[in-house]
Amino acid sequence: MVVQEIQKNYVFPRIPLKFQLPENYPEVGCISSISVVPEIRDFRLNRGEMEIRGSYQVTVSYFEALNQSEPDKIREIEYDDFFSHLRLRADGLITDSGEELPAGTGRSSQELNTVQFERPFHTFVDLEFINRPRNFKPGLIIERVNLEAGEGCSLKGELVLSLVNRPRRTHR
Amino acid sequence: MEVSQGPDYRYYKANLYPPVQPPGGVLEPFGTVEIEITGPKGRMNCRTHQCLGLFAETHPRIKYQVMLQKEMDGEPVVIGHLSVDRSGCGVLKWDFSTAGSDSGEGIPVTYKLLIAARHDAGLRGKAGGGVLMSGVISLKSAVRDNRVVGFKKEVKVREKGRDIKERNPFFEKVEPFQPPIPNSVWWRIGVLPDSYWQTGFCPRQKSNKAMY
Numbered sequence: 000m001v002v003q004e005i006q007k008n009y010v011f012p013r014i015p016l017k018f019q020l021p022e023n024y025p026e027v028g029c030i031s032s033i034s035v036v037p038e039i040r041d042f043r044l045n046r047g048e049m050e051i052r053g054s055y056q057v058t059v060s061y062f063e064a065l066n067q068s069e070p071d072k073i074r075e076i077e078y079d080d081f082f083s084h085l086r087l088r089a090d091g092l093i094t095d096s097g098e099e100l101p102a103g104t105g106r107s108s109q110e111l112n113t114v115q116f117e118r119p120f121h122t123f124v125d126l127e128f129i130n131r132p133r134n135f136k137p138g139l140i141i142e143r144v145n146l147e148a149g150e151g152c153s154l155k156g157e158l159v160l161s162l163v164n165r166p167r168r169t170h171r
Numbered sequence: 000m001e002v003s004q005g006p007d008y009r010y011y012k013a014n015l016y017p018p019v020q021p022p023g024g025v026l027e028p029f030g031t032v033e034i035e036i037t038g039p040k041g042r043m044n045c046r047t048h049q050c051l052g053l054f055a056e057t058h059p060r061i062k063y064q065v066m067l068q069k070e071m072d073g074e075p076v077v078i079g080h081l082s083v084d085r086s087g088c089g090v091l092k093w094d095f096s097t098a099g100s101d102s103g104e105g106i107p108v109t110y111k112l113l114i115a116a117r118h119d120a121g122l123r124g125k126a127g128g129g130v131l132m133s134g135v136i137s138l139k140s141a142v143r144d145n146r147v148v149g150f151k152k153e154v155k156v157r158e159k160g161r162d163i164k165e166r167n168p169f170f171e172k173v174e175p176f177q178p179p180i181p182n183s184v185w186w187r188i189g190v191l192p193d194s195y196w197q198t199g200f201c202p203r204q205k206s207n208k209a210m211y
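Those protein sequences? They're chains U and H, same order as listed.
For the first sequence, position 90 (counting from the first letter as 1) is numbered 89 according to numbering that gives the first Met the number 0, and the numbering increases by one without interruption.
For the second sequence, position 96 (counting from the first letter as 1) is numbered 95 according to numbering that gives the first Met the number 0, and the numbering increases by one without interruption.
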């Protein structure tokens, strides 16, 4: 089973995104993941164009910005301590100092904050971009998303959607 | 005219960050992962940035594994290896399915995506491997590998052919340190010669003092 290559009928112009974080949310440090779910509420075929109304839901999860100016100090091991010497040997590891690398992203101790935004859209597409208007069931896919931390508690970026035909629908 | 029955298309994008923050520097992503899920099918596109120079000619024998790990139970699964793009980026495409795993609505499944260097057989003795970058992503449903698994042939398992270290009492299995790297087994030698314990002197220590 291979996912079929989706044929894009029309690529919309880019949508600038501007989100204001709700209150009590910390400042954005680095963005871990973005998820976008576009949804078409309804569509209408006019004479020369197709009217599409829907919304897109953007979910952003991010790590809190670090406010500490100094980097973490490397913990020094007392080498003169007899017991630390024993511990080293019990680990079965003999390494130089600084052997402790933080597991994972190093930010694993930090909490992942998740915010969700929803925006409606309402557009018109010229029918000349669509090859079979009769059988056309529009679906939206994401062409490109960029988001980064703006000033203060805000996020800004851009979103590019494109229109595809979904003739077959999976019934659940 | 027509009202859709809820979205069946989802798009996810996660940034991959290096495991250690550079002191005083700004953390910048080393790569991105894009996941598109249409109905039960999904595709993951993994891409590292060009500036890393992972596929430089200086170390052509290193393989870069892409691993997926459920955050709660931490056994990472190797998805595949990065291959070189025309522009020098590491690229991986992976098809998966989410069929039959969409159990509860609204309970996201958090995955951790790791890219680790794995040396080829010739280099394995010198250095192990390390996690280059990792990212966290929470999907709506669990992910299952799509690759077709062939029928299992019945194979005689020879008892004697097992790894010697598994039964040898002189070797003691040691749990791997964090971050866990698959297929790596850490061993330590349990029994040492007497002379090893009696010297109160460790040459690897910083302050070389004899202790009596």
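I should point out that these hints are in silico values taken from the structure, not numbers from a laboratory.
Hints should not be assumed to be uniformly reliable.
Unchecked claim - Have a look at the derived ranges for each label pair, beta carbon to beta carbon:
#, chain 1, residue 1, chain 2, residue 2, range
1, U, Asn145, H, Ser86, 48 to 54 Å
2, U, Asp41, H, Ala98, 37 to 43 Å
3, U, Gly47, H, Ile61, 25 to 31 Å
4, U, Arg43, H, Ile106, 31 to 37 Å
5, H, Gly52, U, Glu26, 51 to 57 Å
6, H, Leu51, U, Lys155, 38 to 44 Å
7, H, Leu51, U, Gly149, 24 to 30 Å
8, H, Asp94, U, Arg13, 34 to 40 Å
9, U, Glu157, H, Asp94, 23 to 29 Å
We put the CB at the ideal spot given by N, CA and C, even for glycine.
How the hints compare with the structure:
| no. | hint | in the structure |
| --- | --- | --- |
| 1 | U:Asn145 <-> H:Ser86: 48 to 54 Å | violated, 19 Å |
| 2 | U:Asp41 <-> H:Ala98: 37 to 43 Å | violated, 28 Å |
| 3 | U:Gly47 <-> H:Ile61: 25 to 31 Å | violated, 57 Å |
| 4 | U:Arg43 <-> H:Ile106: 31 to 37 Å | holds, 36 Å |
| 5 | H:Gly52 <-> U:Glu26: 51 to 57 Å | violated, 32 Å |
| 6 | H:Leu51 <-> U:Lys155: 38 to 44 Å | violated, 27 Å |
| 7 | H:Leu51 <-> U:Gly149: 24 to 30 Å | holds, 27 Å |
| 8 | H:Asp94 <-> U:Arg13: 34 to 40 Å | violated, 28 Å |
| 9 | U:Glu157 <-> H:Asp94: 23 to 29 Å | holds, 28 Å |
Of the numbered hints listed earlier, those contradicted by the structure are 1, 2, 3, 5, 6 and 8.
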